[in-house]
Each structure stands twice: as C-alpha cells, then as structure tokens.
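Visitor: Sequence:
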Amino acid sequence: MARFSRIEVALKMKETGMVPVFYHKDIEVCKAVVKACYDGGARVFEFTNRGDFATLLFAELNKWTIENCPEMIMGVGSIVDEATAAMYIALGTNFVVAPLIDEATAKVCNKRKIAWSPGCGSVTEIGRAHELGAEVVKIFPGSQVGGPSFVAAVKGPMPWASIMPTGGVTPTEDNLKGWFDAGVTCVGMGSQLFPKDVLENKDWNYITNKCKDALAIIQKLN
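Residues in the sequence shown are numbered from 1 upward in steps of one, following the working numbering.
Because the hints were derived from the structure by calculation, they are not lab data. Quick reminder that beta carbons are idealized off the backbone N, C-alpha and C, glycines included. There may be inaccurate statements among the hints.
Ranges between beta-carbon positions, derived for each pair [stated by the list, open to error]:
(1) E200 to D39: 15 to 25 angstroms
(2) M1 to E173: 35 to 45 angstroms
(3) K212 to E8: 29 to 39 angstroms
(4) D203 to A104: 23 to 33 angstroms
(5) E60 to D174: 35 to 45 angstroms
(6) E8 to D39: 28 to 38 angstroms
(7) S191 to L221: 17 to 27 angstroms
(8) S191 to D52: 38 to 48 angstroms
(9) T124 to N68: 19 to 29 angstroms
The calculated lysine-lysine pairs, modelled on DSSO-like cross-linking and capped at a C-alpha distance of 30 angstroms, are [unchecked claim]:
(10) K63 to K107
(11) K107 to K177
(12) K113 to K31
(13) K212 to K35
(14) K35 to K220
(15) K111 to K14
Based on the provided sequences and hints, a complete structural model is requested.
Guide: Structural data, given as structure tokens:
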C-alpha cells in the first residue's frame with residue numbers, strides 16, 4: 001500500500017521541483033543512488049520500469065527506502081498498461097508515471113488513489129489527462145515536444161495545468177530557468193544526474209552534490 005497520498009505526492013513535486021529518474025539492474029547501485037539523492041535533498045524518486053525483473057528490484061528497493069530514507073516518496077515510471085501498474089501498486093508505489101495516456105492505467109490508479117502522471121504531447125492530450133484524473137502531467141520527450149516554449153504556450157489557455165517535463169532537462173541554471181520561467185511545476189531528470197562514469201566509479205558524492213546544486217537553483221527560481 002502507498003505510504004503517501006496522491007495529494008502529498010503532487011505537493012512534494014511542487015515543493016522540491018525535481019524528480020530524479022533512474023533504473024539500474026544492480027540493486028546495490030539503486031540503493032546507493034536513492035541514498036545519494038536523498039542526502040542531496042530529493043524527496044521524490046522515479047524508478048523506471050525498464051529491465052528484466054524490474055518489479056522484483058523495486059520491491060526490494062522500496063522496502064529498503066522505507067527503512068533508510070523514510071521521507072523519500074518512491075514511484076515508478078515507464079508504465080504503459082494497467083497490469084504493470086497494478087503490480088507496482090501491490091508493491092507500494094506512491095505514484096505511477098507513463099510515457100503515454102492509457103485509460104485503463106488511469107482507472108486502476110484512481111481506484112487505489114495513486115497519483116498518475118501520463119506523458120502528453122499536445123493540449124488535447126493534457127486536457128484528456130485532466131479528465132482522467134491526472135494532477136501533474138508529464139510532457140515527453142520534453143525537448144522534442146517543444147521545450148519550454150511549448151509549456152509557456154500551454155499555460156496560456158490552461159494556466160491550471162501542472163506540468164513535469166522529462167527529456168531535455170539538465171541541472172544547469174540556464175536550462176532550469178527556461179523551464180521554470182515557462183511555468184513547469186517540477187522537472188524529471190535522469191542521465192544528467194547520473195553520468196555513466198559516475199556510476200561506474202561509484203562516486204555517490206557527485207550525485208548528492210548535483211542534486212543539492214539543482215535543488216538550490218530551483219528554489220531560487222521559485
């Protein structure tokens with residue numbers, strides 16, 4: 001069962017402004033990365049459903065996080081169907097992120113009052129996501145959809161939209177300023193926080209410091 005309500009998830013996304021997005025087949029690397037992000041101030045974390053046995057990894061990671069990073073809101077991403085969403089809900093995910101709109105996934109999340117953030121690429125899709133109960137919508141891939149200018153354009157006729165871009169977000173002041181000036185609620189960030197060589201060298205302090213720096217920039221922009 002989820003430990004955090006969908007209202008708490010949305011508020012924490014807004015408060016911190018950044019959601020690290022990560023997957024690795026090694027559970028110890030996953031634990032180290034979650035802890036590094038936690039030490040850097042992150043309080044929402046998206047584990048992407050990418051590799052074989054990802055649900056089993058998440059089950060262990062979520063239990064470990066509850067004990068070792070109790071304020072971290074763990075969620076799952078890359079969910080494209082309701083069956084997979086249901087598996088993760090059974091394992092205690094606090095939110096579900098998707099690259100697309102799948103109405104069956106929306107229904108299963110709503111039945112359990114789990115936050116659902118589907119990927120959208122148009123005003124029509126964002127409107128549909130709202131109808132299906134999404135509080136925070138994801139634009140994906142962020143830069144290909146249109147970048148900050150797309151967000152600013154959407155916020156004109158839909159100022160109530162809460163938008164989280166993933167793809168094309170980097171932990172630099174210029175990049176983050178573009179997104180937040182356009183009106184995003186938060187940003188999803190993956191490989192830019194976790195370069196391959198950093199993971200290979202197990203340089204967890206790098207990740208902690210990157211999170212601290214990015215969150216400090218976001219707080220300044222907000």
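Visitor: Next, verify each hint and record whether it holds.
Guide: Tested hints:
no.	hint	result
1	E200 to D39: 15 to 25 angstroms	holds, 20 angstroms
2	M1 to E173: 35 to 45 angstroms	holds, 39 angstroms
3	K212 to E8: 29 to 39 angstroms	violated, 23 angstroms
4	D203 to A104: 23 to 33 angstroms	violated, 41 angstroms
5	E60 to D174: 35 to 45 angstroms	holds, 38 angstroms
6	E8 to D39: 28 to 38 angstroms	violated, 21 angstroms
7	S191 to L221: 17 to 27 angstroms	holds, 22 angstroms
8	S191 to D52: 38 to 48 angstroms	violated, 20 angstroms
9	T124 to N68: 19 to 29 angstroms	violated, 42 angstroms
10	K63 to K107	holds, 26 angstroms
11	K107 to K177	violated, 35 angstroms
12	K113 to K31	holds, 27 angstroms
13	K212 to K35	holds, 13 angstroms
14	K35 to K220	holds, 24 angstroms
15	K111 to K14	holds, 24 angstroms
When held up to the earlier numbered hints, the structure conflicts with 3, 4, 6, 8, 9, 11 and fits the remainder.
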